[in-house]
Amino acid sequence: MSMKITDLSMSYGKAKIIQDINLEIAEGELVALLGPSGSGKTTLLRLIAGLETPDSGNIMIDGLDATKWSVGKRKVGFVFQHYALFKHMTIFDNIAFGLRVRPKKLRPPKEAIEQKVMELLQLVQLDELASRYPAQLSGGQRQRVALARALAVEPKILLLDEPFGALDAKVRQELRKWLRRLHEHLHVTSIFVTHDQEEALEVADKVVVMNHGRIEQIGSPIEVYNHPVNQFVFSFLGRVNLFRGRFQHADSASSVGYIRPHDVMLSHEPRNESDMKVIIKHITQVGPLVRLEAEDAEAKNAIEVEMSIQQFKELNFSVGETVFANLEHIKVFQNA
Amino acid sequence: MKGKVLLISISLLFIALFLLFPLLVVFSEALKQGIDVYIAAITEPDALAAIRLTLITSLFVIPINTLFGLMAAWAIAKFNFWGKSFLISLIDLPFAISPVISGLIFVLLFGSAGFLAPLLDDLHIKIVFAVPGIILATLFVTFPFVARELIPLMQSQGTAEEEAALSLGASGWKTFIKVTLPNIKWGLLYGVILCNARAMGEFGAVSVVSGHIRGLTNTLPLHVEILYNEYSFVAAFAVASLLTLLAIITLILKSLMELRFDRHRSENQIKEGESV
Amino acid sequence: MRNRFAKPSILPGFGLSLGYTLVYLSLIVLIPLALLFLKASNMGWQQFWETVTAPRILASYKISFLTSFLAAGINAVFGLMVAWVFTRYSFPGKRILDGLIDLPFALPTAVAGISLTALYASNGWIGKYLDAFGIKAAFTPFGITIALIFIGLPFVVRTVQPVIQDLEKETEEAAATLGASKVQTFLSVILPQILPAMLTGFSLAFARALGEYGSVVFISGNMPMKTEIAPLLIMTKLEQFDYDGAAAIAVVMLIVSFLILLLINFIQWRTGIRGSMR
Numbered sequence: 001m002s003m004k005i006t007d008l009s010m011s012y013g014k015a016k017i018i019q020d021i022n023l024e025i026a027e028g029e030l031v032a033l034l035g036p037s038g039s040g041k042t043t044l045l046r047l048i049a050g051l052e053t054p055d056s057g058n059i060m061i062d063g064l065d066a067t068k069w070s071v072g073k074r075k076v077g078f079v080f081q082h083y084a085l086f087k088h089m090t091i092f093d094n095i096a097f098g099l100r101v102r103p104k105k106l107r108p109p110k111e112a113i114e115q116k117v118m119e120l121l122q123l124v125q126l127d128e129l130a131s132r133y134p135a136q137l138s139g140g141q142r143q144r145v146a147l148a149r150a151l152a153v154e155p156k157i158l159l160l161d162e163p164f165g166a167l168d169a170k171v172r173q174e175l176r177k178w179l180r181r182l183h184e185h186l187h188v189t190s191i192f193v194t195h196d197q198e199e200a201l202e203v204a205d206k207v208v209v210m211n212h213g214r215i216e217q218i219g220s221p222i223e224v225y226n227h228p229v230n231q232f233v234f235s236f237l238g239r240v241n242l243f244r245g246r247f248q249h250a251d252s253a254s255s256v257g258y259i260r261p262h263d264v265m266l267s268h269e270p271r272n273e274s275d276m277k278v279i280i281k282h283i284t285q286v287g288p289l290v291r292l293e294a295e296d297a298e299a300k301n302a303i304e305v306e307m308s309i310q311q312f313k314e315l316n317f318s319v320g321e322t323v324f325a326n327l328e329h330i331k332v333f334q335n336a
Numbered sequence: 001m002k003g004k005v006l007l008i009s010i011s012l013l014f015i016a017l018f019l020l021f022p023l024l025v026v027f028s029e030a031l032k033q034g035i036d037v038y039i040a041a042i043t044e045p046d047a048l049a050a051i052r053l054t055l056i057t058s059l060f061v062i063p064i065n066t067l068f069g070l071m072a073a074w075a076i077a078k079f080n081f082w083g084k085s086f087l088i089s090l091i092d093l094p095f096a097i098s099p100v101i102s103g104l105i106f107v108l109l110f111g112s113a114g115f116l117a118p119l120l121d122d123l124h125i126k127i128v129f130a131v132p133g134i135i136l137a138t139l140f141v142t143f144p145f146v147a148r149e150l151i152p153l154m155q156s157q158g159t160a161e162e163e164a165a166l167s168l169g170a171s172g173w174k175t176f177i178k179v180t181l182p183n184i185k186w187g188l189l190y191g192v193i194l195c196n197a198r199a200m201g202e203f204g205a206v207s208v209v210s211g212h213i214r215g216l217t218n219t220l221p222l223h224v225e226i227l228y229n230e231y232s233f234v235a236a237f238a239v240a241s242l243l244t245l246l247a248i249i250t251l252i253l254k255s256l257m258e259l260r261f262d263r264h265r266s267e268n269q270i271k272e273g274e275s276v
Numbered sequence: 001m002r003n004r005f006a007k008p009s010i011l012p013g014f015g016l017s018l019g020y021t022l023v024y025l026s027l028i029v030l031i032p033l034a035l036l037f038l039k040a041s042n043m044g045w046q047q048f049w050e051t052v053t054a055p056r057i058l059a060s061y062k063i064s065f066l067t068s069f070l071a072a073g074i075n076a077v078f079g080l081m082v083a084w085v086f087t088r089y090s091f092p093g094k095r096i097l098d099g100l101i102d103l104p105f106a107l108p109t110a111v112a113g114i115s116l117t118a119l120y121a122s123n124g125w126i127g128k129y130l131d132a133f134g135i136k137a138a139f140t141p142f143g144i145t146i147a148l149i150f151i152g153l154p155f156v157v158r159t160v161q162p163v164i165q166d167l168e169k170e171t172e173e174a175a176a177t178l179g180a181s182k183v184q185t186f187l188s189v190i191l192p193q194i195l196p197a198m199l200t201g202f203s204l205a206f207a208r209a210l211g212e213y214g215s216v217v218f219i220s221g222n223m224p225m226k227t228e229i230a231p232l233l234i235m236t237k238l239e240q241f242d243y244d245g246a247a248a249i250a251v252v253m254l255i256v257s258f259l260i261l262l263l264i265n266f267i268q269w270r271t272g273i274r275g276s277m278r
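Protein chains in written order, with this note's numbering: chain L, 1 to 336; chain G, 1 to 276; chain V, 1 to 278.
Some clues are possibly wrong.
To be verified - With a straight-line Cα cutoff of 20 Å, these simulated SDA-like cross-link-like pairs (lysine to any residue) come out: (1) Lys156/L with Val71/L; (2) Lys73/L with Lys182/V; (3) Lys2/G with Phe21/G; (4) Lys94/V with Leu166/G; (5) Lys169/V with Leu123/L.
Unchecked claim - Stretch by stretch, here's where chain V covers chain G in the computed footprint (C-beta under 8 Å, at least three residues): (6) 29-37; (7) 46-59; (8) 120-134; (9) 195-206.
What the hints assert, rightly or not - Computed list of chain L residues with no C-beta within reach of chain V, every gap over 10 Å: (10) Lys16; (11) Asp20; (12) Gly63; (13) His82; (14) Lys87; (15) His88; (16) Ala112; (17) Glu128; (18) Glu223; (19) Glu295; (20) Asn301; (21) Lys313; (22) Gln334.
In case anyone wonders, no lab produced these hints; they're calculated from the structure. Only a predicted model underlies this, so the values are computations on that prediction, with no experimental measurement involved. Virtual Cβ for every residue (Gly too), placed ideally from N, Cα, C.
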């Protein structure tokens, strides 16, 4: 299903939850709505589902104006953050629910329902737990049931609200890969909401970065990471070093420079005139990377640098050493 | 939307029929013959005696049951011991027993053919068909109220604050007064209000125990019955209206406190809070 | 001994508070109740059985039981409706009406009794209309049921309300996304969750109704074999100084109440197992 959202806005009392949202989603895309808490991403998702009503703007589904369509009419599959499984039904009954409540004419025969449910259970690798109750499952398992339940009604678009938010880190990683594979297998247009930029970058085809109810940038993961259009996107998508003040080649007196820790090149001898002279204060290894914290001589500017363990071993820095930081990859933004 | 309006209408109709109308009827009947007759009815000597007796009963019952409630809640909420749930069920007992039976058991104990009759005769004490009996019966039916409010409240508050106070050197008594009491003051007040409403309004239990001696052992509810049974309808409703006003005030106070002290109101709160 | 009975604690006053509580309960509750059973057992089994199965008494059980059951049932249905409406919707006057629901708790039963009688007597506000249809309310089991509906309503509403409040809205939304209509959602998702509370409320209303005296004696007319309720019979026996008889009937009523209490506890225990997932 393809979707086009035009000038969508919604307020709650005086607070503008989302403002002037314009977004296009192509058939089969896997899109991430990424942003901090309060950015409006969940509200946008719910508006798409039909669980909320916008104040203005429209939503087109496959070329038809769906703004006033009810939830049922939009044929969405919604996976809730806390799963919303029916506690008093078995896993099997939960997944079969959408098929069983169809009006008599559209309802598939009992055997067809059973077959479909078992297929889905196998798809999500829970076929042995069909007769269990939600309370007897782990968080990751419940999440997969919620997904299977949404898929059972063959939705045209799959909407996931922070699907992995409530799970352990390891389980999260596994499910991320699993979701990606599932999408490749099913090709259902999917939108998921997350505040975890790593998740968005790893899983999505397209990332929509949101803040304070507005869209900051839309692009592929590589695009939004390497070519952020403003300060917010830059700093939200990864770690940053911030520099204020005057810059060469800058038009305005007050600008801010952003550079990622892994774009800072450290060397024992200065390579350029503009290289920054710093003293290394702290070195730690964080997983596969080495992180160095350094300060300039007057202790006014601090800088964080990342490099691979390999690079660190080759360059062999130590605490207290004076080194030179090359900032040529810095991106300068004008401050409003 | 239509379904919503229908549901609201039916519910409101149901409430009007079963709750609102009975309320309005009391006042309508009481004032049927004008305000003078109304005032006469409630200032008549027997009525005044009934008012007095009702107040005296409450005056005794409330402090005694409040003390019980505090004691029981302290033991149950702050300590773990075997038999706790049984104790809690025991406290709920009066709610499960018909008021008539509540009165009956005291008649059996203190009545003229009762178990303690010979002893009482010797001491020239009359309990049944006298004020002490009324107080006892009322104690029985109202003792759960304060306890039931305090127990879940104190359970949910836990023991951390009291332990902190003790560790800082406060005595047990001081801890209770300065730490526990302020935390439970609204629950306590709430329980007292409910206890009072029931104490003043108790009919069945008191009816069995009182002997219906006009001017002496009639509480307000009993007086209402007597008037009604002798067809003095207006007078009966006039006296009843006093009790109704009391009920309304109780409800208002109840609402105000619920606003102040946001809690789930559930009959089975103790049972739910049972396993700490 | 103390260590096995109670967990040691630095909080003072355990002995005092527990002791006071137990003494109080013994004096006010346990001893008088024990006496009741003692008295009833004095009669000997034969006489006991004869007393409690006399026709008039059996008739009173039937009336008490049927009217209480019916009233509790009606309260279960309408109580659910009222609880739903008050939790989910807003409308003018809601706050006041919500307070009104507790009226049967606060109003003395005698007052309820005479006012309901006045309301449903042939010349009463509602009785008038019923009369026009040939329906008599006062002095019939119908009237008794009406009184029992009055006193039982808050039990259901106040038990069910918190459960409705705590319902996870998301499960209803999930059902909507899966295509269920409002009715389907109510029946298959919402109702199973509130059923235990409804059963509890029903049982409470039922137990209360069985023992109810004040609000019923006026509207019932107390006609033996027809509208005489069991509690009234106890009263009658007492007035005739038939203490044994009164005790016997009381014992039967207590046993029934006790069974209902057990039922309530059972329901709560059972639903605690398949309880909340969070």
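Quick rundown of the hints versus the structure:
Note on Lys156/L and Val71/L: the hinted pairing holds, with a Cα-Cα distance of about 12 Å set against a maximum of 20 Å. The hinted pair formed by Lys73/L and Lys182/V meets the criterion: a straight-line CA distance of about 14 Å does not exceed 20 Å. A hinted pair counts as satisfied when its Cα atoms are at most 20 Å apart, and Lys2/G with Phe21/G does not qualify at roughly 27 Å. With a C-alpha separation of about 46 Å, the suggested pair Lys94/V and Leu166/G falls outside the 20 Å cut-off, and the hint is violated.
With a C-alpha separation of about 28 Å, the suggested pairing of Lys169/V with Leu123/L is violated against the 20 Å cut-off. Look at the stretch 29-37 of chain G against chain V: 1 of its residues bring a Cβ nearer than 8 Å to a Cβ of that chain, fewer than three, so the hint is violated. Beta-carbon proximity to chain V at under 8 Å applies to 0 residues in the stretch 46-59 of chain G; the threshold of 3 is not reached and the given coverage is violated. For the stretch 120-134 of chain G, the proposed coverage by chain V is not satisfied: 0 residues have a C-beta within less than 8 Å of a C-beta in that chain, short of the threshold of three.
Against chain V, the stretch 195-206 of chain G contributes 6 residues with a C-beta closer than 8 Å to a partner C-beta. That satisfies the three-residue criterion, and the hint holds. At the 10 Å boundary, the C-beta of Lys16/L stays outside the reach of chain V, the nearest C-beta of that chain being 23 Å off. Listed as outside the interface, Asp20/L is consistent with that label: its C-beta sits roughly 26 Å from the nearest C-beta of chain V, beyond the 10 Å cut-off. Gly63/L, annotated as away from the interface, keeps every beta carbon of chain V farther than 10 Å; the closest lies near 22 Å.
At roughly 7 Å from the closest C-beta of chain V, the C-beta of His82/L falls inside 10 Å, breaking its exclusion from the interface. Not every CB of chain V lies more than 10 Å from the CB of Lys87/L, the least distance being 5 Å, so the non-interface label is violated. Listed as a non-interface residue, His88/L fails to keep its Cβ farther than 10 Å from every Cβ of chain V; the least gap is roughly 4 Å. Consistency note on Ala112/L: stated as away from chain V, and its beta-carbon is indeed over 10 Å from all of that chain's, at 16 Å minimum.
Under the 10 Å C-beta cut-off, the non-interface status given to Glu128/L relative to chain V holds; the minimum distance is some 20 Å. With a cut of 10 Å on Cβ distances, Glu223/L stays outside the contact zone with chain V, its closest approach being about 32 Å. With a cut of 10 Å on Cβ distances, Glu295/L stays outside the contact zone with chain V, its closest approach being about 47 Å. At the 10 Å boundary, the C-beta of Asn301/L stays outside the reach of chain V, the nearest C-beta of that chain being 48 Å off.
For Lys313/L, the condition that its CB be more than 10 Å from all CB atoms of chain V holds, with the nearest at approximately 48 Å. Gln334/L, annotated as away from the interface, keeps every beta carbon of chain V farther than 10 Å; the closest lies near 44 Å.
Checked against the numbered hints given earlier, the structure breaks hints 3, 4, 5, 6, 7, 8, 13, 14, 15 and satisfies all the rest.
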